[in-house]
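A.B. asks: Now for the letters of each chain:
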Amino acid sequence: MTESREQNVTGVFELENVSVTYGSEVAIAGVSMHIPPRAVTALIGPSGCGKSTLLRCLNRMNDEIGSAKVRGRITLDGADIYAKEMDPVELRTRVGQVFQKPNPFPMTIYDNVAYGPRTQGTRRRSELDEVVERSLKRAALWGEVKKDLKKHAFELSGGQQQRLCIARALATQPEVVLMDEPASSLDPISTQQVEDTIAELKEYVTIVIVTHNMQQAARISDLTAFMLRESMEEPAQLVEVGETRVMFTNPGDKRTEAYITGRFG
Amino acid sequence: MTAPAIRRQRVGRSVTSRAADSIVRRLISLNGWAAIVILAAIFLFLAVNARRALEEVGFWVMSLGTEWYPTIPTPRFGFLPLLSGSVLVTATALVLCVPVSLAAAIFISEFAGGRVKEVTKSIIEFMAAIPSVVYGLIGIAVVVPWVRATFDTDSGLTALSGAIVLAFMIAPTIVSISEDALHAVPNSLRQGSLALGNTRWETTYKVVVPSASSGILAAVMLGMGRAIGETMAVLMLTGNAAVIPDSLFDSVRTITGTIAAEMGNVVQGGLHQSVLFTLGLVLFSITFLINLVADLVLEKQRRRWQR
Ligand SMILES: Nc1ncnc2c1ncn2[C@@H]1O[C@H](COP(=O)(O)OP(=O)(O)OP(=O)(O)O)[C@@H](O)[C@H]1O
Ligand SMILES: [Mg+2]
Chain A
700 MTESREQNVT GVFELENVSV TYGSEVAIAG VSMHIPPRAV TALIGPSGCG
750 KSTLLRCLNR MNDEIGSAKV RGRITLDGAD IYAKEMDPVE LRTRVGQVFQ
800 KPNPFPMTIY DNVAYGPRTQ GTRRRSELDE VVERSLKRAA LWGEVKKDLK
850 KHAFELSGGQ QQRLCIARAL ATQPEVVLMD EPASSLDPIS TQQVEDTIAE
900 LKEYVTIVIV THNMQQAARI SDLTAFMLRE SMEEPAQLVE VGETRVMFTN
950 PGDKRTEAYI TGRFG
Chain B
11 MTAPAIRRQR VGRSVTSRAA DSIVRRLISL NGWAAIVILA AIFLFLAVNA
61 RRALEEVGFW VMSLGTEWYP TIPTPRFGFL PLLSGSVLVT ATALVLCVPV
111 SLAAAIFISE FAGGRVKEVT KSIIEFMAAI PSVVYGLIGI AVVVPWVRAT
161 FDTDSGLTAL SGAIVLAFMI APTIVSISED ALHAVPNSLR QGSLALGNTR
211 WETTYKVVVP SASSGILAAV MLGMGRAIGE TMAVLMLTGN AAVIPDSLFD
261 SVRTITGTIA AEMGNVVQGG LHQSVLFTLG LVLFSITFLI NLVADLVLEK
311 QRRRWQR
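As given, the protein sequences belong to chains A and B, one line each in that order.
Counted the way our numbering counts, the first sequence spans residues 700 to 964.
Counted the way our numbering counts, the second sequence spans residues 11 to 317.
Treat the hints as calculated values from the structure; they're not laboratory data.
Some hints here could point you the wrong way.
Stated by the list, open to error - Subject to a maximum C-alpha distance of 30 Å in a straight line, what follows is the list of computed DSSO-like cross-link-like pairs (lysine-lysine): (1) A:K845 with B:K127; (2) A:K800 with B:K127; (3) A:K901 with A:K846.
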């Protein structure tokens, strides 16, 4: 019973010995981990340890950085995403991303959310209406904006803009949503709202989130991965990955404990 | 003992820096005022010299007149042949130039890598530095024979010839200002679009270009202002027939060309001279308005990304 359910669920990442170099600098090396579906996986670690770099491997946004080179093997639902026949543009409709600073497009709320589906070829008004409504509901923004979907996105508050960006990412019906410090530019109330949204999203998508906020990682994630770069001369590595509850109460590695409890440089 | 010393130092510094600040600010506002005074002075100067024509011929008689015969015994001072010459040459130049210039700006800003970008940018800067007489000479040597041969016109000195050369002359303005506007679009928007499964090209025409649209519009308007005001190359290439043209293959005479060609042969203080000053006044007003609108549009765009 559970077996068959597992098989239908998509959005499973498998990383084997992944390393990334920028020119001659090896940023991360030897990362292997399993990212389970319909769960929140948090990436934590000090600044510069390669969290964003690792996240960008998962939707091949590193392809857009000329000097970046990714090695190792990453599969999504069993398929190698760096294989020749994998189209990165198509991959990104399956693996959405929300950025650190809200980046709505300079257009209406409606057009922002409909942007992805339109690219995918959805033209029918009724269909678009439906996707926009569902995505905004899932991003917990519908109630606040349903009256004026024609409003310019720049007129929303920062927190609303970020939830709009989440809705925009959800509209292509991705299996995975990557979030790079999605709440770091928001006030506490907006942060709370985004966190609540993430908790509800788990039902539909796999979430990988980068955060500097330990309480946030503890509150919202099921799995935590701790990355560390011991010195600038060597690449960052994955120190450990495990269930968040266990990591935060009984970490397996001294360095993890030191970081979580805030005793880290 | 140290505390008051520190405080005194801090006060001292803030007094001098405040003084420097206010001097700089006064200089800047002085510049702004100087610009306004100079513009007003130019306008007044033109208006004073145009007064005789405005009184003796009348603004509307000149503006709506269809004939330009300034030297016959009962002269006709109708601006429409010259206005239509300017408009035809400018509009054609824009039609030829804008699509290519926009493509070039998009290429430089969105697709060209370091080396290619530098080379294209310096080519465009070089194009801007060529004197307009040189453009005129190149036009006579290359464009005029080509137009004569291809379109089977008598002389090849046509509105089209002027427009083609003018297109090259205003391209640097349009390319570099729209490139600035595209460049000013925050990278986070490109990233956002790419991450939604758009190609670079889709990202460019669906997000980047619309985001820069007001700047691009301003670029086109500034190019248009340059085209209307350009004198030398147009004078050399358009054949100088002050007649309302039927087609692109007619010879035309622009406002600027008329002023430049006739100013040397008029009686000081005479009616003809005063009419030419009126033409200058019309030209000045047109370019001033175009530049003003373009500046307002650019300012609006600048404010947009400051949120
Ligand atoms: N576009 C890039 N070009 C070159 N090097 C880069 C680039 N992006 C990141 N790096 C390098 O890779 C390393 C990891 O950077 P990354 O941004 O992934 O760290 P991070 O863990 O996300 O840090 P932060 O918490 O500050 O966001 C750094 O040493 C950085 O200098
Ligand atoms: Mg980062």
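A.B. asks: For this structure, which hints from the list above don't hold up?
C.D. replies: Checked against the structure, the only hint that fails is number 1, while the rest are satisfied.
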